[in-house]
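Protein chains: 4
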Amino acid sequence: MNRTAAEPAAIALPRKASREHRRQQLIDATIESLARRGYAQTTMTDVAVTAGVSHGLVNFHFDTKEKLLTETLLYLAEEYRDNWLAALAAAPADPAAQLDALIVADFNERICTPSKLVAWCAFWAEAQSRPIYQEKCGANDLAYIRNLEEICARLVAAGNYRHSPQRVARVLRVTAEGTWLDLLSMIEPYSRDEALRTVYACAAAFFPDHFDEAGLRKPSVDN
Amino acid sequence: MNRTAAEPAAIALPRKASREHRRQQLIDATIESLARRGYAQTTMTDVAVTAGVSHGLVNFHFDTKEKLLTETLLYLAEEYRDNWLAALAAAPADPAAQLDALIVADFNERICTPSKLVAWCAFWAEAQSRPIYQEKCGANDLAYIRNLEEICARLVAAGNYRHSPQRVARVLRVTAEGTWLDLLSMIEPYSRDEALRTVYACAAAFFPDHFDEAGLRKPSVDN
Amino acid sequence: MNRTAAEPAAIALPRKASREHRRQQLIDATIESLARRGYAQTTMTDVAVTAGVSHGLVNFHFDTKEKLLTETLLYLAEEYRDNWLAALAAAPADPAAQLDALIVADFNERICTPSKLVAWCAFWAEAQSRPIYQEKCGANDLAYIRNLEEICARLVAAGNYRHSPQRVARVLRVTAEGTWLDLLSMIEPYSRDEALRTVYACAAAFFPDHFDEAGLRKPSVDN
Amino acid sequence: MNRTAAEPAAIALPRKASREHRRQQLIDATIESLARRGYAQTTMTDVAVTAGVSHGLVNFHFDTKEKLLTETLLYLAEEYRDNWLAALAAAPADPAAQLDALIVADFNERICTPSKLVAWCAFWAEAQSRPIYQEKCGANDLAYIRNLEEICARLVAAGNYRHSPQRVARVLRVTAEGTWLDLLSMIEPYSRDEALRTVYACAAAFFPDHFDEAGLRKPSVDN
DNA sequence: GATGAATGAGCCTTCATTCAT
DNA sequence: GATGAATGAAGGCTCATTCAT
Numbered sequence: 008m009n010r011t012a013a014e015p016a017a018i019a020l021p022r023k024a025s026r027e028h029r030r031q032q033l034i035d036a037t038i039e040s041l042a043r044r045g046y047a048q049t050t051m052t053d054v055a056v057t058a059g060v061s062h063g064l065v066n067f068h069f070d071t072k073e074k075l076l077t078e079t080l081l082y083l084a085e086e087y088r089d090n091w092l093a094a095l096a097a098a099p100a101d102p103a104a105q106l107d108a109l110i111v112a113d114f115n116e117r118i119c120t121p122s123k124l125v126a127w128c129a130f131w132a133e134a135q136s137r138p139i140y141q142e143k144c145g146a147n148d149l150a151y152i153r154n155l156e157e158i159c160a161r162l163v164a165a166g167n168y169r170h171s172p173q174r175v176a177r178v179l180r181v182t183a184e185g186t187w188l189d190l191l192s193m194i195e196p197y198s199r200d201e202a203l204r205t206v207y208a209c210a211a212a213f214f215p216d217h218f219d220e221a222g223l224r225k226p227s228v229d230n
Numbered sequence: 008m009n010r011t012a013a014e015p016a017a018i019a020l021p022r023k024a025s026r027e028h029r030r031q032q033l034i035d036a037t038i039e040s041l042a043r044r045g046y047a048q049t050t051m052t053d054v055a056v057t058a059g060v061s062h063g064l065v066n067f068h069f070d071t072k073e074k075l076l077t078e079t080l081l082y083l084a085e086e087y088r089d090n091w092l093a094a095l096a097a098a099p100a101d102p103a104a105q106l107d108a109l110i111v112a113d114f115n116e117r118i119c120t121p122s123k124l125v126a127w128c129a130f131w132a133e134a135q136s137r138p139i140y141q142e143k144c145g146a147n148d149l150a151y152i153r154n155l156e157e158i159c160a161r162l163v164a165a166g167n168y169r170h171s172p173q174r175v176a177r178v179l180r181v182t183a184e185g186t187w188l189d190l191l192s193m194i195e196p197y198s199r200d201e202a203l204r205t206v207y208a209c210a211a212a213f214f215p216d217h218f219d220e221a222g223l224r225k226p227s228v229d230n
Numbered sequence: 008m009n010r011t012a013a014e015p016a017a018i019a020l021p022r023k024a025s026r027e028h029r030r031q032q033l034i035d036a037t038i039e040s041l042a043r044r045g046y047a048q049t050t051m052t053d054v055a056v057t058a059g060v061s062h063g064l065v066n067f068h069f070d071t072k073e074k075l076l077t078e079t080l081l082y083l084a085e086e087y088r089d090n091w092l093a094a095l096a097a098a099p100a101d102p103a104a105q106l107d108a109l110i111v112a113d114f115n116e117r118i119c120t121p122s123k124l125v126a127w128c129a130f131w132a133e134a135q136s137r138p139i140y141q142e143k144c145g146a147n148d149l150a151y152i153r154n155l156e157e158i159c160a161r162l163v164a165a166g167n168y169r170h171s172p173q174r175v176a177r178v179l180r181v182t183a184e185g186t187w188l189d190l191l192s193m194i195e196p197y198s199r200d201e202a203l204r205t206v207y208a209c210a211a212a213f214f215p216d217h218f219d220e221a222g223l224r225k226p227s228v229d230n
Numbered sequence: 008m009n010r011t012a013a014e015p016a017a018i019a020l021p022r023k024a025s026r027e028h029r030r031q032q033l034i035d036a037t038i039e040s041l042a043r044r045g046y047a048q049t050t051m052t053d054v055a056v057t058a059g060v061s062h063g064l065v066n067f068h069f070d071t072k073e074k075l076l077t078e079t080l081l082y083l084a085e086e087y088r089d090n091w092l093a094a095l096a097a098a099p100a101d102p103a104a105q106l107d108a109l110i111v112a113d114f115n116e117r118i119c120t121p122s123k124l125v126a127w128c129a130f131w132a133e134a135q136s137r138p139i140y141q142e143k144c145g146a147n148d149l150a151y152i153r154n155l156e157e158i159c160a161r162l163v164a165a166g167n168y169r170h171s172p173q174r175v176a177r178v179l180r181v182t183a184e185g186t187w188l189d190l191l192s193m194i195e196p197y198s199r200d201e202a203l204r205t206v207y208a209c210a211a212a213f214f215p216d217h218f219d220e221a222g223l224r225k226p227s228v229d230n
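Protein chains in written order, with my numbering: chain A, 8 to 230; chain B, 8 to 230; chain C, 8 to 230; chain D, 8 to 230.
Quick caveat, the hints were computed from the structure, so don't treat them as lab data.
Fair warning: there could be bad hints in the mix.
Same chains, same label: a pair holds when it works inside one copy or across any pair of copies.
Here are the simulated DSBU-like cross-link-like pairs (lysine-lysine), alpha carbons at most 30 Å apart as the crow flies [stated by the list, open to error]:
hint : residue 1 : residue 2
1    : 74        : 123
2    : 143       : 72
3    : 123       : 143
4    : 225       : 74
5    : 72        : 123
6    : 143       : 225
7    : 74        : 143
8    : 72        : 225
Model the full structure from these sequences, guided by the hints.
This is the structure we're talking about:
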């Protein structure tokens, strides 16, 4: 097994940690398998082989396939939420910087990997995972939307723009989502950097005083 | 949809027409099943039952499940292309009207149905359908992008805007795509009309002289 | 029925003859399909395609697959019996000439074709065809054996050989059968002529006064 | 193959040994099913039921039906070869004894069972199994033929016979094969003993100094 | 904890058979 | 006579799940 970084400490890790490590390993393998073979073709054996363990072990840790998939979806959702929450927390308080932080967060190299994009798409497409997602993560998304709308409202107010904050927020959000989709359906996908500039172009169109295609305008005056 | 030639005779459909009719019926049932149960859970029996025929007949007309799904994807792609081509052809020649036509076409009531949106998403997510799609429909999408870029370039030139036409085109495109995705992942999806206004808001941000959130500005200056 | 002689008269043939012609055509196609794809893989559609007719027609003429296969087996059996009966009738009355006639008959170019050899073997191997064969053709085979034994008895008596006629008859018979099998399982099958010489070698071993490896000795003295 | 190390412990067969045991059990069941129902009617479920296991297990061990049948054919071929090789090795060096050993080996009670005869015939008849057999076992058969020819050549030389060794060898070989076929197509099949005497009769016809219908002559002159 | 043999439900597919035209 | 759409039983195969070791 060459998943090595954690290995040296392996001995000292009590059972509980080892258990979490195994679970994460299997969730990672699930994401990879979803990306490589699609939802329909992802089998327990696949996941086990990808993770380099015996196929019985997957059931030992997740009981059923459904639970494995649900846990994987929740992991992605949680990672996504933690990511933008941390980005917001780390950014300055002014709305432009906060919006910038949200945009950049979406194209973070830990979040925006080809495998994870495909995995997300697989879950969106699968009828049975939508209600689960809504139930467990609907609140997250709502919080995200409220945050974004609030930020947009402050920017609109600050800049004397005439847009509806809700609608601007939605345009920015779907632009990011649509760009994700674009990244995985293009024959020759562009870079994360180019993706980022695409969303910035949208932000710049709405808030030309605060953004241009390169991102947040440096001599940001207001707030 | 150009499956109309035989319609006048409607009552006495001969075998040949009946054959095409059956195939279309089965493709429709496939889209419905994809939407209702997802890609992974869509079975041949499902499709057959939805279409109200025996499962053997599906194989009689499509040989394998894979071919049925491929034909369904191609049908959606063809319908989509025919839709925007027709919209462009019917619109006045000025770029704003052409852009308006493209935007409206995407939220056409024949194209933008819940079932078809989910079906598209299912195909995007499915690893094995992507290469097929690229091979058979990549050219369509490229043509769409070229058209949109050309229209944006003319608008940018006409309005003394400073945007990069390629990037504006991409923002508009991914906004429409992202809105589609939004329509199917929201708990309480908004109306097609609201979706349309969202994309118009984006167009208005880039081309305020030609668009507002209600759509194409009536007292269109140029042309 | 030799499929070519009848063609010119085709028009004049009443329905009855046409019917027989079709049936024979389908039986021929069945033999070919058995040889090409094996018993297990021979389908009604196969037979129809081989015969160049629609697949519904096979059922029209033979009702069920089982009947088609049975009729094919009976056809082969009848053709085989007619062949050796005719050979015996055409041969001189002395036992050596009669034995010679039987041997030659087995490697007749109409009987001993690759397709028919495989078809025979397919029927032998198929559990369900054995009882049918026994019931309908057991008598033929018994008659063949009795004839052969009688001929051998006369040759043994005439030549002062000390063999058991029954056993000689069986050796000659299984040698011919084994040679058939050999013809179809060899990588590079030998010619019908070489096959014939093999059986003659066996006959010569038992009846050196009457046979050599080239066949019946010409200056045959006795009878 | 290291499946032997564990043998001493026989009672507590570890997993590895159990695996081989299962495979053999399933191959035996396949032979039985081929004999009972024929190639075309042999189903995976049949084999599983015969072996007393679930049908899923057959696929677990052999992946596909095709592989199961191929492995079965190879097993029969290997068993057949091992049988005559062992017989030759155990027999005295003189050619008559060697020929006797080969003949007896063919009617060995482990090789010449009704089930196995039918199974062989099923494979001969099946178009798709012939190339597989040729590829994997053609060399075995060639070795058998070469051995037999060599033995016949030595007998011919020793006894001043005038036969062609190749042809004698072939007659003896097809006589044995034909007798096998006879054993399974006769209404009232004769005993293995009577089958043996039939082949001895053939050997006696060619080599009267060494064989009679009872087998190898005891006062063997040469060697 | 971990493995892998074993089970059985369910799916895709084939194909004999029927039947309207 | 002939065609080909339509049916449905049955088979091969996959795979989630269980369980003895």
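Hint-by-hint comparison with the structure:
1. 74 x 123: both (18 Å within a copy, 28 Å between copies)
2. 143 x 72: within (18 Å within a copy, 34 Å between copies)
3. 123 x 143: both (19 Å within a copy, 26 Å between copies)
4. 225 x 74: neither (47 Å within a copy, 54 Å between copies)
5. 72 x 123: both (19 Å within a copy, 27 Å between copies)
6. 143 x 225: neither (38 Å within a copy, 45 Å between copies)
7. 74 x 143: within (13 Å within a copy, 36 Å between copies)
8. 72 x 225: neither (49 Å within a copy, 55 Å between copies)
In terms of the numbered hints stated before, the structure departs from hints 4, 6 and 8, listed from lowest to highest.
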